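**Q** Residues per chain are reported as follows:
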Amino acid sequence: EDQVTQSPEALRLQEGESSSLNCSYTVSGLRGLFWYRQDPGKGPEFLFTLYSAGEEKEKERLKATLTKKESFLHITAPKPEDSATYLCAVEFSNYQLIWGAGTKLIIKP
Amino acid sequence: GAVVSQHPSWVICKSGTSVKIECRSLDFQATTMFWYRQFPKQSLMLMATSNEGSKATYEQGVEKDKFLINHASLTLSTLTVTSAHPEDSSFYICSAPSGAGEQYFGPGTRLTVT
Numbered sequence: 001e002d003q004v005t006q007s008p009e010a011l012r013l014q015e016g017e018s019s020s021l022n023c024s025y026t027v028s029g030l031r032g033l034f035w036y037r038q039d040p041g042k043g044p045e046f047l048f049t050l051y052s053a054g055e056e057k058e059k060e061r062l063k064a065t066l067t068k069k070e071s072f073l074h075i076t077a078p079k080p081e082d083s084a085t086y087l088c089a090v091e092f093s094n095y096q097l098i099w100g101a102g103t104k105l106i107i108k109p
Numbered sequence: 001g002a003v004v005s006q007h008p009s010w011v012i013c014k015s016g017t018s019v020k021i022e023c024r025s026l027d028f029q030a031t032t033m034f035w036y037r038q039f040p041k042q043s044l045m046l047m048a049t050s051n052e053g054s055k056a057t058y059e060q061g062v063e064k065d066k067f068l069i070n071h072a073s074l075t076l077s078t079l080t081v082t083s084a085h086p087e088d089s090s091f092y093i094c095s096a097p098s099g100a101g102e103q104y105f106g107p108g109t110r111l112t113v114t
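So the protein sequences, as listed, match chains A and B. Counting in the numbering used here, the first sequence runs from 1 upward without gaps. Counting in the numbering used here, the second sequence runs from 1 upward without gaps.
A few of these clues could be false.
[Stated by the list, open to error] Computed footprint of chain B on chain A; a stretch qualifies when at least three of its residues, placed anywhere within it, have a C-beta under 8 Å from a C-beta of chain B:
#1 31-45
#2 96-102
[Unchecked claim] Reference excerpt, derived from the structure (chain A facing chain B, CB under 10 Å, subset only):
#3 4
#4 6
#5 49
#6 85
#7 89
Simulated from the structure, these hints should not be mistaken for laboratory data. Since the model is a prediction, treat every value here as computed from it, not as a measurement. No residue lacks a Cβ here, since even glycine has one placed at the ideal position from N, Cα and C.
Isolated chain B (complex conformation) (with noise of 0.2 Å):
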């Protein structure tokens, strides 16, 4: 079946920097990639449509200057977490749609920002 891989799996920061996560499409081609958040023990929020070729697409209360997304290729979008805070840790996870009416989700970026 599709796979979607991200990476890093795991990253620690400090508060101030700046942490990108990828997010591949390895099988099949993106259009359009979604970037979500999970907190414990919480359903995952849609925070932002990552489109290839055009601008991404926030969800209301998310600040697309702190997260900055760039669906650089048909394969590839990046979540770039800007000035990061500890609230910002999070566990982050990129689905993509497979064509067939179906999402592939990669398997999340754990996110702790010290």
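Bound conformation, chain A alone (with noise of 0.2 Å):
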């Protein structure tokens, strides 16, 4: 069964405090894999594509990595308004994506 999960369902950090998110996926033919962000009452925040294992992007303070079983979110130094729910989707035909349920992130000045 084709599946995303992500982990941990939460995380608190203090302000400057790096950390990863994970997202782990059982999709068969992977044509890519997203990372959202979504602020509460928002829709979600397009961050990343990433297509194949290996591939790196970054974007600020955020450096998304992928490998054949799942990807990594990693934030640097974080700040307060990086607070918020990440979503991992994988899309798997079509453009239509199966998503995870999120981490939700806080960052404590």
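Join the two chains, each given in its own frame, into one complex according to the hints.
**A** This is the structure in structure tokens:
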């Protein structure tokens, strides 16, 4: 069964404390893995797309990496404004996505 | 970047009435749009795929007669919740692929049925 699992469910960090979020998947025929950020009461905001194992992408304090079984979203020296729910999704056909449940990230000043 | 808008952003309706939600791609054309619903503290659940010029494709368990989808043009898809009930209260989000392997999401519509 195609499945996407994110861990941890929630993560509290102090400002400046780096960490990583995990997205593991069991999807046959991966076409792409997506990371989104969602703030409360808003639609998801696109962050990254990764297509093949070994690929890495960076944006400000965020860096996404991909292996054959999982993806990591590394956050370096986070700030309070990085607090949000981070969603991972895997594309398996025709742009349809399987979503993880998300990791709620809280950065305390 | 690409922008997807939704209207309204928030709606309250009485049980038994119908509500229409619009999803528009503002600076690109979308032959396909997706409709999701999201319950509090849960991830997005795909409801249906909206296809311009043809019938929508519904996910298993989603009633097509209750959630009517019309993809009227390359920039507009509408979701009508018919005979709404309190259990239909949720956050409804649409998205459109930009053609570059990315999807852009609307800001969402919060529906409350009383």
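**Q** If a hint holds in the structure, say so; if it does not, say that too.
**A** Consistency of the hints with the structure:
1. 31-45: holds (count 8)
2. 96-102: Our answer is that it holds, as 6 residues pass the Cβ test (under 8 Å) against chain B, meeting three.
3. 4: Holds. Min distance 9 Å.
4. 6: With a closest approach of 8 Å, the residue 6 of chain A hint holds.
5. 49: holds, 5 Å
6. 85: Result: holds, 9 Å to nearest chain B Cβ.
7. 89: At 8 Å from the nearest chain B Cβ, residue 89 of chain A passes the 10 Å test, so the hint holds.
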